[in-house]
Amino acid sequence: MPIKETNGAPTVTDFATLIFATPGFHVSQKLALEAARFSAQRMRAFADQVETLASCKNPGDLMSAQTKYIKQLSQDLVAESQTMRDIIATPASAA
Numbered sequence: 001m002p003i004k005e006t007n008g009a010p011t012v013t014d015f016a017t018l019i020f021a022t023p024g025f026h027v028s029q030k031l032a033l034e035a036a037r038f039s040a041q042r043m044r045a046f047a048d049q050v051e052t053l054a055s056c057k058n059p060g061d062l063m064s065a066q067t068k069y070i071k072q073l074s075q076d077l078v079a080e081s082q083t084m085r086d087i088i089a090t091p092a093s094a095a
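Using our numbering, the letters of the sequence shown map in sequence onto residues 1 to 95.
Simulated from the structure, these hints should not be mistaken for lab results.
Bear in mind the structure is a predicted one, so any value in this text is a computation, not a measurement.
Possibly wrong hints are sitting among the right ones.
[Stated by the list, open to error] If you anchor each label on the Cβ, the simulated ranges turn out as follows:
{"no.": "1", "residue 1": "25", "residue 2": "57", "range": "47 to 57 angstroms"}
{"no.": "2", "residue 1": "73", "residue 2": "31", "range": "18 to 28 angstroms"}
{"no.": "3", "residue 1": "37", "residue 2": "70", "range": "37 to 47 angstroms"}
{"no.": "4", "residue 1": "57", "residue 2": "37", "range": "10 to 20 angstroms"}
{"no.": "5", "residue 1": "32", "residue 2": "57", "range": "36 to 46 angstroms"}
{"no.": "6", "residue 1": "52", "residue 2": "81", "range": "42 to 52 angstroms"}
{"no.": "7", "residue 1": "25", "residue 2": "62", "range": "40 to 50 angstroms"}
Every residue, glycine too, gets a C-beta built ideally from N, C-alpha and C.
Construct all of the structure, not just a fragment, from the sequences and the given hints.
What follows is the structure, given as structure tokens:
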């Protein structure tokens, strides 16, 4: 797409059209939003885990809480990798 010039300078609208019409821009924005969403989810889970650990009464409770947390973390990471893969694999026309 050629950029139009006004008095020898490209217009802001033409730059915006060029940037936002680029399929890679949409993919990068979706990836950034997903990364922020996932980070917030994991921060919440970590904060909850700290509270859970604080309420443990014995080593068995502690190990159980840690095991549950790590299993959930593993599941979340697998799901997140699939979500990221789906975003990258989505054709630009479907975005």
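Consistency of the hints with the structure:
no., hint, in the structure
1, 25 <-> 57: 47 to 57 angstroms, "52 angstroms, holds"
2, 73 <-> 31: 18 to 28 angstroms, "21 angstroms, holds"
3, 37 <-> 70: 37 to 47 angstroms, "21 angstroms, violated"
4, 57 <-> 37: 10 to 20 angstroms, "34 angstroms, violated"
5, 32 <-> 57: 36 to 46 angstroms, "42 angstroms, holds"
6, 52 <-> 81: 42 to 52 angstroms, "25 angstroms, violated"
7, 25 <-> 62: 40 to 50 angstroms, "46 angstroms, holds"
The structure does not agree with the numbered hints 3, 4, 6 stated previously, though it agrees with the rest.
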